[in-house]
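Work out the full structure: start from the sequences and follow the hints.
Going down the list, the protein sequences come from chains W and V. Numbered per full-length UniProt numbering, the first sequence spans residues 1 to 414. Numbered per full-length UniProt numbering, the second sequence spans residues 1 to 414.
Hints in this document: simulated from the structure, not taken from any laboratory. Heads up, some of the hints might be wrong.
Where chains are identical, the list cannot tell them apart; a pair therefore holds if satisfied intra-copy or between any two copies.
Distance condition first, Cα-Cα at most 30 Å in a straight line; then the derived DSS-like pairs of lysine-lysine [unchecked claim]: (1) K233 with K354; (2) K100 with K351; (3) K12 with K351; (4) K54 with K159; (5) K54 with K76; (6) K274 with K351; (7) K212 with K6; (8) K97 with K54; (9) K233 with K100; (10) K351 with K148; (11) K354 with K97; (12) K12 with K212; (13) K12 with K159; (14) K354 with K12; (15) K61 with K351; (16) K6 with K354; (17) K148 with K6; (18) K233 with K61; (19) K351 with K32; (20) K6 with K351; (21) K354 with K100; (22) K159 with K6; (23) K97 with K6; (24) K351 with K97; (25) K65 with K233; (26) K6 with K65.
Protein chains: 2
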Amino acid sequence: MTDLNKLGQQAKESAYQLGLLDTATKNQLLAKMADALEANTPVILEANAQDLAKSDDYGIKETMKDRLRLTEERIKEMADGIRQVIQLPDPIGEVEKMWKNADGLMIGRQRVPLGVIGIIYESRPNVTTDAASLCFKTGNAVILRGGKEAFYSNQILVKILQDTLVANDFSPYAIQFIDDTSHAIANELMRLTEYLDVLIPRGGAGLIQRVKETATVPVIETGTGNNHVYVDKDAQLQMALDIAVNAKVQRPSVCNAIETLLVHQDVAEFFLPKLAETLDGQVEFRGDERALPFLPNASVATEEDWATEYLDYILAVKVVDSIEEAITHINRYNTKHSEAIVTDNYFASQKFLKEVDAAAVYVNASTRFTDGFVFGFGAEIGISTQKLHARGPMGLPELTSTKYIVYGDGQIRG
Amino acid sequence: MTDLNKLGQQAKESAYQLGLLDTATKNQLLAKMADALEANTPVILEANAQDLAKSDDYGIKETMKDRLRLTEERIKEMADGIRQVIQLPDPIGEVEKMWKNADGLMIGRQRVPLGVIGIIYESRPNVTTDAASLCFKTGNAVILRGGKEAFYSNQILVKILQDTLVANDFSPYAIQFIDDTSHAIANELMRLTEYLDVLIPRGGAGLIQRVKETATVPVIETGTGNNHVYVDKDAQLQMALDIAVNAKVQRPSVCNAIETLLVHQDVAEFFLPKLAETLDGQVEFRGDERALPFLPNASVATEEDWATEYLDYILAVKVVDSIEEAITHINRYNTKHSEAIVTDNYFASQKFLKEVDAAAVYVNASTRFTDGFVFGFGAEIGISTQKLHARGPMGLPELTSTKYIVYGDGQIRG
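Next up, the structure:
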């Protein structure tokens, strides 16, 4: 039985040391971790083969198996991922602003690590090295709890990182792995208030819901995206078609793909048949009663469809009377992730940007751009769908906190 | 029985409308609220008299009774507090930065309201109008749950604010009050995940601990301050004395006062007798074995003393061998609020600023300065002692979230 309190205690002590490291030292350790991954390619592949051998027992689909499978090239990519993190600026220590107050105190707001970060995630083993290196770079100790599908891969990856730390006289507890894939231990992690400064769950709607109900530690919710494209009456129909198709099928299994298309009644009869034709045989349509006449082979959309993140080649379609109805529908059913309008109308674009409640709101662009790398952050630890602390793609600064440093010359309060 | 789901639903709808108001409209409504408070002075005093009449039943101390008592002047101060909020810049709508990414998308990060904020607080009725006006200014709906001691005062204050909203054709549900002072309803509020975007508890260690164990909604912990002044071997003793005395007795009942004084062994014999003399008869000392010889009438400090926020005229005192021992003691026992070193030594000051884990770390100044007004924020909704979202004194920007607004011209992801 894993003793989470022990892991938490170790992480806390390690976080303190880690928080005091300078950037050069952190980068040197990260470089050694990257080298160690490559040097240990055979044992990683061996562990990964153990996971793959079990994947049929777990009933894992072929597409997921592919994401789980490691190759020499993919291990090199993981190492290169760590090398990219080395190149990123270190936010720790930065004083964002400093001012003199009325008492003559110089007050500065300085970026510091969060402390101990817990991450619960699912299949892909590259998340292990990505998350570990991003947390390390920002001076945070991390406690990783991966899914059972990648258990052996994750375990060996963390062991290699820890061995590297020990070989370089640093605490291995900066990066820890929970050797237990039960729900019970995950729930315990969600309530480890004494040690965890934040928990980041990365996974499907089921995990996020469980975290919401269970967690008492500070949480950054990530990932679930029930997103929409709204085709306005003043849309350029070819642009709308390109954006809708891209947002739906370029990669349907990711959180920034769309699940429902909304179309203004004035253009539905022109737009929907083209959409149906373009995606014929590739996408299953579920339409409301006004959309159905323009969508051959579509089934009737139910209330549940509006609320579902399919992550699949399925698209719900609804015809709306107005932009107001589109915005109301979106704000009612979305998961506050990514939303787009296609329009040539200035006022419609401004209204949509202002009134739609989501982490990222687009005018005339695909929702698929919601991504830390694409936004230019150089890294991504996840996409926050909550409003506290971080919203949207999270880069290195989102893994930090602040403290006020105050320089006085004897001031007391009168 | 209060139906929190109903309050939550109403708050959510109201928050949506409130989020769309422009600054001038919000300020006009706030001005009318301020006027209405003054105009209703007699009924407020009447409700406050009801609270005061009950205060003996609740066993409230005289100092607390004083904080509960309203007068014509104090009601005017509450109204003026709202008028000060009107003067503050409105952070909503501000685009902090905007850049063009590699795909030619213009991406801006814009400040938006958090949505629905819950606040659990204790006795003082002025918190009701302060919190309501700060949340309103930042476009957030608020659900207030005050303590039983100020129940009638809080109730009438919220009613006056709501009546003002209704009289001006705005939803009264922007500012709601929970008509129930039971622990059960507070616990329910802590788990209202469907509606609350954040919960801010303002109160003592007991409340904060209960929130920590119970809350599943996002929380900003506030307030508890087990703070220290460390007198270094290179301190100017008169400055150290002034700062220690100010931090302890200028107002011992507040969260930025100190509870423990740490003194370097090299200066203990000079400093402690002066401290004892200065605070003789005013402060009860509890010392470790090395401090006791220099503190006449002191009792022996126990392990519990190091961890206690007295909020009273009591000071724990410990002699340390080194700055390292001081920092270790602080990081072990503090509540991450406010910490100060007194020293003339450059390296000691930098070490303390870097290694002490707290929201505000001071060199040669009293911890009593940790305060949103003193820091220059113009307002304060509380002092966060957690690391997520906000740390230290929280002003208006800490009551906001962000969203990315993205301007494209037809981009799709390749």
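Hints and how they fare:
no.: 1; hint: K233 with K354; verdict: within (19 Å within a copy, 57 Å between copies)
no.: 2; hint: K100 with K351; verdict: between (40 Å within a copy, 22 Å between copies)
no.: 3; hint: K12 with K351; verdict: between (46 Å within a copy, 20 Å between copies)
no.: 4; hint: K54 with K159; verdict: within (21 Å within a copy, 63 Å between copies)
no.: 5; hint: K54 with K76; verdict: within (24 Å within a copy, 72 Å between copies)
no.: 6; hint: K274 with K351; verdict: within (27 Å within a copy, 67 Å between copies)
no.: 7; hint: K212 with K6; verdict: both (25 Å within a copy, 20 Å between copies)
no.: 8; hint: K97 with K54; verdict: neither (53 Å within a copy, 48 Å between copies)
no.: 9; hint: K233 with K100; verdict: between (53 Å within a copy, 27 Å between copies)
no.: 10; hint: K351 with K148; verdict: neither (45 Å within a copy, 43 Å between copies)
no.: 11; hint: K354 with K97; verdict: both (29 Å within a copy, 17 Å between copies)
no.: 12; hint: K12 with K212; verdict: both (24 Å within a copy, 18 Å between copies)
no.: 13; hint: K12 with K159; verdict: within (19 Å within a copy, 47 Å between copies)
no.: 14; hint: K354 with K12; verdict: between (42 Å within a copy, 17 Å between copies)
no.: 15; hint: K61 with K351; verdict: neither (42 Å within a copy, 54 Å between copies)
no.: 16; hint: K6 with K354; verdict: between (47 Å within a copy, 26 Å between copies)
no.: 17; hint: K148 with K6; verdict: within (22 Å within a copy, 41 Å between copies)
no.: 18; hint: K233 with K61; verdict: neither (40 Å within a copy, 66 Å between copies)
no.: 19; hint: K351 with K32; verdict: between (50 Å within a copy, 28 Å between copies)
no.: 20; hint: K6 with K351; verdict: between (52 Å within a copy, 29 Å between copies)
no.: 21; hint: K354 with K100; verdict: between (36 Å within a copy, 20 Å between copies)
no.: 22; hint: K159 with K6; verdict: within (18 Å within a copy, 51 Å between copies)
no.: 23; hint: K97 with K6; verdict: neither (38 Å within a copy, 42 Å between copies)
no.: 24; hint: K351 with K97; verdict: between (33 Å within a copy, 20 Å between copies)
no.: 25; hint: K65 with K233; verdict: neither (42 Å within a copy, 63 Å between copies)
no.: 26; hint: K6 with K65; verdict: neither (34 Å within a copy, 45 Å between copies)
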